[in-house]
Structure formats: C-alpha cells, structure tokens
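Read off the chains here:
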Amino acid sequence: MSILLSNISKNFGQFAALHDIDLEIPEGELVALLGPSGCGKTTLLRIIAGLEQADKGKIFLDGDDKTDLHVSQRGIGFVFQHYALFRHMTVFDNVAFGMRVKDKKLRPSETEIAKKTHALLELVQFDWLHNRFPDQLSGGQRQRIGLARALAVEPSVLLLDEPFGALDASVRKDLRQWLRNLHHELNITSIFVTHDQEEAMEVASQVVVLNKGRIKQQGSPAEIYDYPANEFVSKFIGQTNEFTLEHYTVDWFKHIGLPISAESKIAHVRPHDIEIVKTANNDTPITLKDWQHLGALIWIELTKNLPNGKPKLVYVEMPNEQFKRLQLNRGDKVDLKVRHAHWFN
Amino acid sequence: MSTVISRNVHQSTLDDANWVRWSLIAVALGFVILFLCVPLVLVIIQAFSKGFGAYFSALSEPDMQAAMRLTLLTALITVPLNTVFGVAAAWAITRFEFRGKNLLITLIDLPFSVSPVISGLIFVLMFGAQGWFGSWFVEHDIKIIFAVPGIVLATLFITFPFVARQLIPLTQEMCSEEEEAALSLGASGWKTFFLITLPNIKWALLYGVLLCNARAMGEFGAVSVVSGHIRGMTNTLPLHVEVSYNEYDSVSAFAGASILAGLAIVTLILKTILEWKQTNRATV
Amino acid sequence: MSQSRIMPGFRPTVSFTVFYLSLVVLIPLSTLVFKSFELNFDYYLNIITHKRVVAAFRVSFSTALGAAIIASFFGFIVAWVLTRYSFAGKRFFHAIIDLPFALPTAVAGIVLATIFQPSGFLGKFLKENFDLQIGFKPAGIVVALIFISIPFVVRTVEPVLQEFDSRMEEAASSLGATRWQVFAKIIFPNIFPALLTGFALSFARGVGEYGSVIFIAGNLPYISEIVPLLIITKLEQYDMPGATAIALTMLVISFLLLLLINLLQHWVRKRSG
Numbered sequence: 362m363s364i365l366l367s368n369i370s371k372n373f374g375q376f377a378a379l380h381d382i383d384l385e386i387p388e389g390e391l392v393a394l395l396g397p398s399g400c401g402k403t404t405l406l407r408i409i410a411g412l413e414q415a416d417k418g419k420i421f422l423d424g425d426d427k428t429d430l431h432v433s434q435r436g437i438g439f440v441f442q443h444y445a446l447f448r449h450m451t452v453f454d455n456v457a458f459g460m461r462v463k464d465k466k467l468r469p470s471e472t473e474i475a476k477k478t479h480a481l482l483e484l485v486q487f488d489w490l491h492n493r494f495p496d497q498l499s500g501g502q503r504q505r506i507g508l509a510r511a512l513a514v515e516p517s518v519l520l521l522d523e524p525f526g527a528l529d530a531s532v533r534k535d536l537r538q539w540l541r542n543l544h545h546e547l548n549i550t551s552i553f554v555t556h557d558q559e560e561a562m563e564v565a566s567q568v569v570v571l572n573k574g575r576i577k578q579q580g581s582p583a584e585i586y587d588y589p590a591n592e593f594v595s596k597f598i599g600q601t602n603e604f605t606l607e608h609y610t611v612d613w614f615k616h617i618g619l620p621i622s623a624e625s626k627i628a629h630v631r632p633h634d635i636e637i638v639k640t641a642n643n644d645t646p647i648t649l650k651d652w653q654h655l656g657a658l659i660w661i662e663l664t665k666n667l668p669n670g671k672p673k674l675v676y677v678e679m680p681n682e683q684f685k686r687l688q689l690n691r692g693d694k695v696d697l698k699v700r701h702a703h704w705f706n
Numbered sequence: 016m017s018t019v020i021s022r023n024v025h026q027s028t029l030d031d032a033n034w035v036r037w038s039l040i041a042v043a044l045g046f047v048i049l050f051l052c053v054p055l056v057l058v059i060i061q062a063f064s065k066g067f068g069a070y071f072s073a074l075s076e077p078d079m080q081a082a083m084r085l086t087l088l089t090a091l092i093t094v095p096l097n098t099v100f101g102v103a104a105a106w107a108i109t110r111f112e113f114r115g116k117n118l119l120i121t122l123i124d125l126p127f128s129v130s131p132v133i134s135g136l137i138f139v140l141m142f143g144a145q146g147w148f149g150s151w152f153v154e155h156d157i158k159i160i161f162a163v164p165g166i167v168l169a170t171l172f173i174t175f176p177f178v179a180r181q182l183i184p185l186t187q188e189m190c191s192e193e194e195e196a197a198l199s200l201g202a203s204g205w206k207t208f209f210l211i212t213l214p215n216i217k218w219a220l221l222y223g224v225l226l227c228n229a230r231a232m233g234e235f236g237a238v239s240v241v242s243g244h245i246r247g248m249t250n251t252l253p254l255h256v257e258v259s260y261n262e263y264d265s266v267s268a269f270a271g272a273s274i275l276a277g278l279a280i281v282t283l284i285l286k287t288i289l290e291w292k293q294t295n296r297a298t299v
Numbered sequence: 047m048s049q050s051r052i053m054p055g056f057r058p059t060v061s062f063t064v065f066y067l068s069l070v071v072l073i074p075l076s077t078l079v080f081k082s083f084e085l086n087f088d089y090y091l092n093i094i095t096h097k098r099v100v101a102a103f104r105v106s107f108s109t110a111l112g113a114a115i116i117a118s119f120f121g122f123i124v125a126w127v128l129t130r131y132s133f134a135g136k137r138f139f140h141a142i143i144d145l146p147f148a149l150p151t152a153v154a155g156i157v158l159a160t161i162f163q164p165s166g167f168l169g170k171f172l173k174e175n176f177d178l179q180i181g182f183k184p185a186g187i188v189v190a191l192i193f194i195s196i197p198f199v200v201r202t203v204e205p206v207l208q209e210f211d212s213r214m215e216e217a218a219s220s221l222g223a224t225r226w227q228v229f230a231k232i233i234f235p236n237i238f239p240a241l242l243t244g245f246a247l248s249f250a251r252g253v254g255e256y257g258s259v260i261f262i263a264g265n266l267p268y269i270s271e272i273v274p275l276l277i278i279t280k281l282e283q284y285d286m287p288g289a290t291a292i293a294l295t296m297l298v299i300s301f302l303l304l305l306l307i308n309l310l311q312h313w314v315r316k317r318s319g
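Residue numbers (the working numbering), protein chains in the order written: chain A, 362 to 706; chain B, 16 to 299; chain C, 47 to 319.
Honestly, the hints are just simulated from the structure, not real lab data.
Just so it is clear, the structure is predicted and the values come from calculations on it, not from any experiment.
Don't be surprised by glycine CBs; every beta carbon is placed ideally from N, CA and C.
One or more hints might be untrue.
In silico DSBU-like pairs for lysine-lysine, Cα to Cα no more than 30 Å straight-line [what the hints assert, rightly or not]:
id: 1; chain 1: B; residue 1: 65; chain 2: C; residue 2: 173
id: 2; chain 1: A; residue 1: 465; chain 2: B; residue 2: 217
id: 3; chain 1: A; residue 1: 477; chain 2: A; residue 2: 466
Some chain B residues well away from chain C (every beta-carbon gap over 10 Å; in silico) [stated by the list, open to error]:
id: 4; residue: 80
id: 5; residue: 158
id: 6; residue: 245
Build the full structure now, drawing on both the sequences and the hints.
Here it is, written out as structure tokens:
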C-alpha cells in the first residue's frame, strides 16, 4: 500500500516537532526514517500509525484519506521500540491477540487463529517457544514476537520504531539481515525509524533523512550517499572532510574544476575521494600524522598548519595495497588531490 | 588473593558490629512486640476470658448480629462505589494531560487529612435537623442522620481515596505502550482496558479494595458522629464494641473486637500476598 | 489534548471523577466552610479562645507531637532493622507493621486502655514499680497515638533505606570514615527528608485521631480532652455553631499540615534528583 503525507505539522506546546512534512512512499518499499534524536522521526511514525494526531496535514493510504481514522481502525502494524509485549500473556496469546479482538463477524475460529499464529511464529523462527512469557525471552526474541504480533492482523503497512535500538551489536547485525529478507518475502510497505545511518543504509530501499522536524533528503541509500542534497545530509551520512575554499586549498581542487562563485563555497570531501601525492615541495607542507589499519583499508590522518596557527586535520581512506606502494612514514610531507567534492553555500 | 581480601573489607564496611546489630534488633522488636503484638494477642485473651460459651453467646446476641449485618452492608455499598471511582480516576489521571490535573490529585487525597470526627460532622451539617437539606428530608420523612444512609455517606467519604491512591502510581509507571499496541492491533477501548490494563493492575486493584474494605468495616470516628448509637439499628460493629465496652460488658466488647481483629489479620495476610504478587507480577 | 483522541475514555472518566469527587467530598466539605460563614466573627473568636477549647487544642497538639517524635525515633530503628538485618521471623514483623492500618481504631482503643489502665497488666506493673500512670492521663493519649503512627514512619523510611546506594557508604569508608561517621554524615542526611515526612504524616494523623484515644485518655476537660472529642461533646449538646467553629479551625490546621507535607515531599524529590 502506498503512503502519502501532505503538509503534516505537529507542535508539542512551544516545541515544533514537525514542519510541513510532504512525503510519498510507493508500495512495497522498505523505508528508513533517519535522523539525530529529537528530529521528529518517531513523532512522524506515530502520526502515520494514528497513535498521535497531527495538528495540520493529511495522511493518505492507497489514496484514501485516513487522517481522522483511529489507530485501531487504520490497519497498520506497529512494532514498538521496547516491544510492548503483553507481559501477562504467553508468546502465543500475544501473537493471537489482534485476531481475537476482532468483531465476532470478522473473527476467525480458534483453530484458524491457532494455525495462523503457529505459521507466524514459524515465520519468525519461534514456534518452539510459544508457551513462554515475554519476560523469559531475550531482547532479540521479543523483537521477533513483536513483529509477528503486528503481522498477525495482516497490516497493509508495517511501522517499526527503532527496531534494533535496544539490542546488542551482534544480535542487531543478524536481525537487520533477517528483516531485509522478511521484507522481500512479504513485500509489505514498511517504515522504520533509526538514528543509526549504517543501519538505514544497510536495510532500507529508501532513506528519508530528517532534521529539526524537516525532511532534508529522500532517496535510495546510494543517492543519499553519493549526492547529498545539503550540508546536513553530507555530514550526517558517512565521514566527510570539510574545506572552506581559500587560497591554500584551491590547488587541491584545480583538476576537478572549481565552482564559479568560489568565494563563499564550502567543499565536502569523502575520505576515499582524496589522493595522497608524495612531494618534496615544502610550500604545501601537509604532514602525515598517523594511520590505522581497518583491514582492507587504511585510515590516514594528515595535519596542516593553517595561517592562523591552528592545525587542521584531514582524513584520507585508501586501500591497503595502495598505501603500501606509497611507502609513507610518519612526518612525511605530502600533497593532496581531490577526486570528487560536494559544494555547499 | 587480593580479591579475597577486598571482599572481606567490602563486607565489613557495610556490616555493623554485632553488638550494634543485636541491640538494634532487640529495641526494634521490643517496640513492635509491645505496641503491636501484645494488643493483638490481648484482644483474643479478653474475648475468651469467660470461656468459649460466653464468647459464642456474645456473638450470637441479636444486637451483635445486627451490628455485623450493618457493617457488611456498609462495606458492600461503599467498596464497589469507591472501586469504580478509583479505576476511573486512575485512568483519567494517568492516561491524559489536562489542566487542573494536579489539583484533582490533591483533592482526591483530601479525606485522608480530615479528622474522622469532622468527616462525620459535615454530614450532620448537611442533613441534620438544623442542616441545609435537613428540613426537606424531614418533610419527606427520609432519615439520613442517625440512620443507615448517614453511616454509608460518612464511610464513603472516609474510604474515598483508598483505591485511587493505590492505582495512580502504578498506572503511571506502567507505560501506555502496551495499550497502544493493543489499539494498533484493532482492539476497542473496552477490550484494551479489560484485556491489557486490568490484568496488569489487578493485584494493586485488589490491594486497594482490601485496604478500602478494612477501613470501611472498621471506621469508628466518622460513623460514631452520624450514627446516633441506636442498638440493633444504627450500631456498626466498631460502635457495638464501644457501647459494650462503656457498659462494662467486656466479653461482648472483646468478642466484637476479636471479629474485627480477625478481619485485620486476614487483611494483613492478604496484603502480604498481594504485595508479593504485585512486585512479582512480571514473572507470574 | 491530541492524546485524548487516541486513548479512549477521556470524557467519561474525567467527568465521572470530577462528578463523584464533588458529590462525595467537595460538597460535604464545603458545607462546613459555608456553615461557618453564618457565624459572627466575634462569636467565632469567643468559641475558639474559650479556655476549655484552647486546652483541648494544647492537649491534641502536644500529645500528637510527642507521639510523632517517639514513633519517628523507634520507627526509624524498626525500618533500619527490617531493611538491613536478617533474623528469624522477619517476614512476620514486616507484615505486622501495618496492623494499625488494618485494625479498627475502636479495637485498638479498648485493648490499649485494657493494657494501660491502672488495673491492666502493664498499667499495674508500671504503677507498682515506677509509680507511673499512663491510662487516663495525657501519657495514655501519647501511647495510643504512637500505635497509630508506627506504620506511617516505617513505611515512609523503609523504601528510602532500601534504595539507598550502598556505594556511597563504601566510598565514605574508603576515605577513612568510621562506621558511626558513615551513618551520621552519609546515611542519615539522605534518609532525613523521608523521616521528616513520616513524622509529619504521623503528626497530622495524630491531631485528628479519635477512636483509639478516647478509651485510654480519661477525657478530663483541661487535662486529657482532645479536640475531636470536644467537637462531639458540642454536637451532643446541640451546640452546632460551637462544633462548626472548632471543626473549621481544626480543618484549616490540617490543610496547612497537608500543604507542609506536600512541600516536604517536593523538597525530597528535588533533592533526590
């Protein structure tokens, strides 16, 4: 089911959580709402779910206006950050809940409910634990049950609030992959909230970057990374070096061409878009300070003394092989060549 | 080696010297035994001081029986009313933000800080012969003061906050996420309440009901003011105990007292169980 | 307000709460206030400055104060012993602390009177060995109020003692403090606000207490007559204005005490962060 948000605004007292959000999500996508904490991403998710009412704006699911529809009528599946499992019910009863509270006319029979519940528990690889209570489960297990419970009502949209936020790093890695595969299998339009850019890039087919209640950019992970629309996105996603274009840096950009009005420009350069050239020229004395092995890549720290006397750090990333070929030592003088830069005002 | 030593040091820093510990335990237990255990035991001893026969005949006196019935009736009316109120108030206060909420919480606690005698007096002022509505009720031949309705009203006032007090902190701490989850799965408001909220608060609710009931059955000061002490008619069990005691009918007084003390013991036992259930509700 | 549309039942629960509260509590209580407006101010002053009334207030407040102090002292020790030490029968003692909440005050009253009256078993013992009479004296009122106060103190102090971060004690010990210094400088200052709250709760309850007191007090005007009893006496003499005036004074004092307790608790919460 496609989702369309038009002009959504929300204030909490004086605090404006969301300003005029317009967002279109085509059917079947797996979308990440990404942003720093307090950017409004969870509020937006809750508004789509109907757990929160927007002050202004409309929500369309498959073209139908659902703005004023109560959460219990909206047909969404919501997976809560801390899972919100019903702790007085077994895993089985948790998953069956959504089917059991349906109106008599629509409610499946107990045998059908049991069949479907077991099927869902198998889907989340959990059927063997169906008699346990939530408190007897690990975080990752609870997360899967939360998901199975949300899927039981056959939602047209699946919403997940920080689905991996409360989990250990190792469990998180596994669950991400699993969620991706599950999405491929079910193909339900899904939105998840995260503050972890790596998670967003790895799992989502579309990323929506939010900051201070506004959408900064929407696109595929590759688009967001390779063509950041603004300074915020460029800095928030991945590593970046920030250069103010001044006389001593101009040389580094020469061969890729400078923007026309060079004066007020700021360049963002990814560490892997910088090439290091060995030089004997002491006029551009950039010094190799240190490096770290990251396996296949080398992370290099360079310093340059600015005219104001302060040192500026520049980060460069290059393949191990290439680094070996350069035969660099700490304290070597080097020159830089930028391969690719993003220009912002 | 070093870990062993540090553990010993660690223990000795937090443990008090033996003589300190034992003298404090002696003082505390002596105090509790003198003020709490001795009185409880004495009620039983006094009740049976003239033998079992006297005890049971005191209990089967018609006035005693009438007093027990009235006490039960009062509790039967007041406890359910205040329970419904407590649940509604807890829901309103913990699930919504609205202006005047803090004032509402303070007002709910009000009866706790009013002397029982004043709690009775206000109903005399309202419904007594010289009271506001007194003359109207006299004309229509409805008796409120020195009659059962007055006793019920005063008890209602006294036991008003008990259930709400127990539920408000608990529902506050229970995050509404579980309820939101139920709503998002399509449950209606009532279903969410009965299937999700109620099972989570049931032990605290029972606990509140228990305390409310103990107070409703045992209230003395407020009821004493509005009752008029008419034997067999408007005497609750605590009032019957008072009247018998003042008439030097010690066996009857302590027989009634033993029933109330039994009620208190049952209350304490249930209370301990419920406290345990509530703190362990996660794993039950 | 938006929340009210998501969670069901805003309108019915809030309106029922306010309606029931008004009916059962606010309207009856306001009767007392409005009734006292009918009193002439001089007349009101006359009543409450009457020697017997003043004496009753003095008895009520001084006995409640004494009982609250004694109960705070012993209650603190009881809470300490119950949270810090283990001993046989701890569960039983823990449960029986709440007896005064569960035992009807009239029962407490007659049994305490039976114990402490000059012919009672403790009363006789104290009389013969120490020439001390408790029953039918203000001391008897103090005894009854101590009984009532115990759970207020213990139940306020206990949770704070339980949650007390023992790492602070370890830190103090590691810096060279003796056990007594740790108690006086680290533990007690942290527990004190709760103890003060427990004290204030007992005091407030003690001032208004009736049932457990009247049997043991002897109820002699000027000596051991408490304010609630005086209100009842006025009522029985059909002196409505008198009863109203005394009750209003008492109510105002209780509310001031309540305010004080709330401020205290606010202060405690602020201190504990």
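Do the hints match the structure? See the list:
no.	hint	in the structure
1	B:65 to C:173	holds (26 Å)
2	A:465 to B:217	holds (27 Å)
3	A:477 to A:466	holds (18 Å)
4	80	holds (18 Å)
5	158	holds (17 Å)
6	245	holds (14 Å)
Going through the hint list in order, the structure satisfies each hint without exception.
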